[in-house]
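2 protein chains.
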Amino acid sequence: MSRINALAEIAPIEGGGNCRLALTDEDMHGRNLVVDWMRDCNLEISIDAVGNIIGIWNVGSGAPVMSGSHIDTVRTGGRFDGCYGVLAALEVIETCQQAGVTPTRPLAVGIFTDEEGARFAPDMLGSLVYVGGMPLEEALDVIAIDGAKLGDELVRIGYSGVAPCPGLVPHAFVELHIEQGPMLEANGVRIGAVTSVQGISWQEVKIMGQSNHAGTTPMSLRHDPALVAAEITVFIRQLAKEMGGDQVCTVGKIDIHPNLTNVVAAKATITLDVRNTDEELLKLAESKIANYLQVVASAEGVKITTRELARFEPVVFDDRVIDCVEKIAKDQGNSVQRMPSGAGHDAQMLARVCPSGMIFVPSVKGISHNPAEFTETVDLIAGANILLHTMLSLTTLEATN
Amino acid sequence: MSRINALAEIAPIEGGGNCRLALTDEDMHGRNLVVDWMRDCNLEISIDAVGNIIGIWNVGSGAPVMSGSHIDTVRTGGRFDGCYGVLAALEVIETCQQAGVTPTRPLAVGIFTDEEGARFAPDMLGSLVYVGGMPLEEALDVIAIDGAKLGDELVRIGYSGVAPCPGLVPHAFVELHIEQGPMLEANGVRIGAVTSVQGISWQEVKIMGQSNHAGTTPMSLRHDPALVAAEITVFIRQLAKEMGGDQVCTVGKIDIHPNLTNVVAAKATITLDVRNTDEELLKLAESKIANYLQVVASAEGVKITTRELARFEPVVFDDRVIDCVEKIAKDQGNSVQRMPSGAGHDAQMLARVCPSGMIFVPSVKGISHNPAEFTETVDLIAGANILLHTMLSLTTLEATN
Chain S
7 MSRINALAEI APIEGGGNCR LALTDEDMHG RNLVVDWMRD CNLEISIDAV
57 GNIIGIWNVG SGAPVMSGSH IDTVRTGGRF DGCYGVLAAL EVIETCQQAG
107 VTPTRPLAVG IFTDEEGARF APDMLGSLVY VGGMPLEEAL DVIAIDGAKL
157 GDELVRIGYS GVAPCPGLVP HAFVELHIEQ GPMLEANGVR IGAVTSVQGI
207 SWQEVKIMGQ SNHAGTTPMS LRHDPALVAA EITVFIRQLA KEMGGDQVCT
257 VGKIDIHPNL TNVVAAKATI TLDVRNTDEE LLKLAESKIA NYLQVVASAE
307 GVKITTRELA RFEPVVFDDR VIDCVEKIAK DQGNSVQRMP SGAGHDAQML
357 ARVCPSGMIF VPSVKGISHN PAEFTETVDL IAGANILLHT MLSLTTLEAT
407 N
Chain Z
7 MSRINALAEI APIEGGGNCR LALTDEDMHG RNLVVDWMRD CNLEISIDAV
57 GNIIGIWNVG SGAPVMSGSH IDTVRTGGRF DGCYGVLAAL EVIETCQQAG
107 VTPTRPLAVG IFTDEEGARF APDMLGSLVY VGGMPLEEAL DVIAIDGAKL
157 GDELVRIGYS GVAPCPGLVP HAFVELHIEQ GPMLEANGVR IGAVTSVQGI
207 SWQEVKIMGQ SNHAGTTPMS LRHDPALVAA EITVFIRQLA KEMGGDQVCT
257 VGKIDIHPNL TNVVAAKATI TLDVRNTDEE LLKLAESKIA NYLQVVASAE
307 GVKITTRELA RFEPVVFDDR VIDCVEKIAK DQGNSVQRMP SGAGHDAQML
357 ARVCPSGMIF VPSVKGISHN PAEFTETVDL IAGANILLHT MLSLTTLEAT
407 N
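These protein sequence lines are chains S and Z, in that order. Residue numbers for the first sequence follow the numbering used here, so the first one is 7 and each next one is one higher. Residue numbers for the second sequence follow the numbering used here, so the first one is 7 and each next one is one higher.
FYI, nobody ran anything at the bench for these hints, they're computed from the structure. A couple of the hints might just be wrong.
Just so you know, same-sequence chains aren't split out, so a pair can sit in one copy or run between any two.
[Claimed, not checked] With a straight-line cut-off of 25 angstroms between C-alpha atoms, the simulated DMTMM-like cross-links for lysine to aspartate or glutamate are:
#1 K336 / E404
#2 K212 / E404
#3 K371 / D329
#4 K273 / E20
#5 K289 / E210
#6 K212 / D261
#7 K309 / D261
#8 K212 / E20
#9 K294 / D284
#10 K371 / E306
#11 K309 / E20
#12 K273 / E210
#13 K212 / E319
#14 K289 / E319
#15 K273 / D152
#16 K212 / E314
#17 K294 / E306
Only a predicted model underlies this, so the values are computations on that prediction, with no experimental measurement involved.
Can you make the complete structure from the sequences, with help from the hints?
In structure tokens form, the structure reads like this:
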């Protein structure tokens with residue numbers, strides 16, 4: 007708890023949250039603090055070419071059981087998202103050290119670069135590169151929303167490391183995270199044994215219209231990209247409602263140019279965030295959106311272009327890791343449920359290379375990406391204890407072929 | 007034409023237009039150039055406390071017949087909007103001087119501050135203060151979209167003058183302007199004798215919702231201000247369509263916070279631009295919008311507050327000025343039609359204190375507030391000739407009681 011609170015003192019924002027966008031000075035200060043704590047625990051620290059930080063407690067033999075998450079935030083982030091998972095993993099190692107428990111394999115904690123994707127798209131960029139899912143060169147060339155280049159920013163804040171990328175393959179990976187949604191609280195359940203992660207489709211939609219005078223241009227002669235942006239925003243809400251189930255659709259970003267009261271806009275750019283746990287349904291949503299874009303462009307006489315910002319298929323976690331989390335949670339006297347994750351997490355990337363899973367604890371009112379994000383201390387402690395025993399248990403997981 | 011082109015060389019933008027937002031350095035350079043030209047014509051120049059510039063050719067006796075307009079632009083302005091009226095009025099005076107024609111009254115040309123309202127709301131601020139429609143102190147305290155204070159910016163660019171405000175009441179006022187709409191071109195008519203100006207209602211709508219994670223928050227639990235902003239934008243387009251006639255409605259400005267792809271927004275701010283030539287219909291539109299805001303706020307569970315940015319009733323011009331414009335246009339062999347103005351203009355403010363009217367020339371494709379704004383030279387010349395004879399004719403207009 008004291009480490010969570012100390013990290014939250016770096017780049018605080020009104021309301022109790024943080025703004026540490028990836029690879030900013032604020033992110034650097036956060037990294038420096040957590041790396042200091044890793045050193046205090048005598049971890050071997052390696053930093054790779056995309057800025058991922060891996061701290062290894064080098065005991066026993068073989069590949070490590072790894073946990074970890076991220077410490078970058080969205081612009082209006084809470085103090086638990088990501089940070090909780092990183093600091094709980096560190097706590098697990100420190101607890102073992104202090105209790106004289108020596109696992110048969112190394113234990114490791116990872117801090118993955120740019121999980122949020124709030125400054126550099128796509129999200130989960132660091133863990134994606136870590137598992138070889140994106141070429142390093144491509145990642146280093148990614149341009150931030152503020153125009154900076156990812157590779158340049160890594161060098162600037164001193165986190166362009168020499169460890170190989172793709173990185174060390176763990177024996178198993180388990181990530182502890184706040185739910186960021188309302189389901190556990192609504193069900194009165196303390197622990198989620200995460201079975202899968204929703205597929206994510208992010209696209210940018212650029213709408214080019216005809217800028218004109220808002221007073222003199224008859225409604226019938228308009229080609230208004232702000233209107234079309236609004237129509238698309240309304241459409242995808244309706245689409246999510248019609249599809250039901252796990253389907254969620256969001257427009258969180260709208261930029262209008264020239265953005266003046268008395269000028270029919272010249273162009274509008276919006277981003278669509280579309281997710282489903284079922285790949286076929288996600289594809290269906292994408293196809294319905296693509297059709298609608300054609301219809302609406304033609305109706306208003308505007309030109310629409312789209313650009314994929316991120317696309318991840320739904321991920322299913324390893325049954326043995328899910329079983330392990332569920333059993334340990336129950337053994338420790340917690341209520342537990344199996345559930346999918348609505349958010350993307352670094353664990354879904356690690357799942358490409360090793361048996362992986364996640365542990366969720368409740369988010370009060372389901373609020374996240376918001377300074378009001380909160381999880382009860384008793385739940386945070388329960389989650390960390392389950393992480394401890396899960397990591398130790400996974401050291402004896404049989405290697406898969 | 008050479009003066010129009012020279013003024014357009016100050017703060018040019020891609021595509022041939024200009025960006026000279028009110029009281030910026032760019033506006034200052036534009037003002038300096040036109041004031042130099044006024045001096046070349048031996049006009050007496052006075053600058054008032056809100057930066058309005060009046061150049062008087064002090065001949066004859068009594069109050070002057072005044073023309074004029076503005077030289078500030080929107081962010082993506084054309085080269086004719088406003089500037090044409092100012093420079094044509096200067097041309098009228100110079101032409102009389104060169105031809106040895108001495109009117110029985112002074113002729114004057116006015117450059118009114120911040121007509122566009124693109125940096126400081128409301129629009130037509132300078133002419134509004136000129137006629138005593140807004141207290142000077144209030145005007146000087148207006149804050150720009152970039153945070154600057156109007157009074158400070160006037161001092162900074164050297165246009166905080168000592169002439170009294172409200173200013174000299176003209177004997178009559180006539181403004182020459184591009185139509186900024188498509189009607190003249192569509193009707194194949196060269197000259198518009200403007201009968202009235204649409205009433206304008208500008209309001210800012212602020213929507214406060216619940217920021218949250220775009221992946222984990224079920225659709226049914228969202229309080230999404232970006233969605234509500236979109237719904238309002240779609241609604242007012244529909245409203246304009248249903249009301250028909252002169253009614254126009256525009257959302258040209260949308261600001262989302264925090265404006266990130268994977269975050270359900272915390273708040274959204276939009277502006278509504280609603281106009282009608284009929285005050286009762288304008289009120290009806292405002293009331294329908296107010297009702298809708300309540301409905302949509304309740305449906306999505308967001309809080310909506312509104313703030314009036316500008317509200318001007320429709321203005322009817324003086325019949326004698328309208329008749330005069332129409333007759334002179336016909337006498338000079340032009341096609342002419344009576345028409346309302348869709349845009350607001352300084353002349354509507356001057357109409358509060360003296361007989362006023364306007365002359366329109368066609369805008370190609372109706373395009374304005376856009377670098378592609380264009381009017382044929384032959385039309386510009388026709389308009390200036392009509393302005394010349396209208397100003398001279400108005401010197402003999404009988405004083406109203």
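Quick rundown of the hints versus the structure:
1. K336 / E404: Classified as within; 22 angstroms inside a copy, 97 angstroms across copies.
2. K212 / E404: Answer is neither; intra-copy 49 angstroms and inter-copy 57 angstroms both fail.
3. K371 / D329: Intra 27 angstroms, inter 68 angstroms, cutoff 25 angstroms: neither.
4. K273 / E20: This pair counts as between: shortest inter-copy Cα distance 15 angstroms, intra-copy 33 angstroms.
5. K289 / E210: within (17 angstroms within a copy, 38 angstroms between copies)
6. K212 / D261: Intra 9 angstroms, inter 16 angstroms, cutoff 25 angstroms: intra and inter.
7. K309 / D261: both (16 angstroms within a copy, 22 angstroms between copies)
8. K212 / E20: The answer is between: 20 angstroms across copies meets 25 angstroms, while 33 angstroms in one copy does not.
9. K294 / D284: within (16 angstroms within a copy, 42 angstroms between copies)
10. K371 / E306: Classified as between: cross-chain Cα gap 17 angstroms, same-chain 40 angstroms, threshold 25 angstroms.
11. K309 / E20: The answer is between: 20 angstroms across copies meets 25 angstroms, while 40 angstroms in one copy does not.
12. K273 / E210: both (13 angstroms within a copy, 21 angstroms between copies)
13. K212 / E319: Only inside one copy: K212 and E319 sit 24 angstroms apart there, 37 angstroms across copies, limit 25 angstroms.
14. K289 / E319: Intra 10 angstroms, inter 52 angstroms, cutoff 25 angstroms: intra-copy only.
15. K273 / D152: both (19 angstroms within a copy, 21 angstroms between copies)
16. K212 / E314: within (11 angstroms within a copy, 31 angstroms between copies)
17. K294 / E306: So K294 and E306 pass the 25 angstroms test inside a copy (18 angstroms) and across (24 angstroms) alike.
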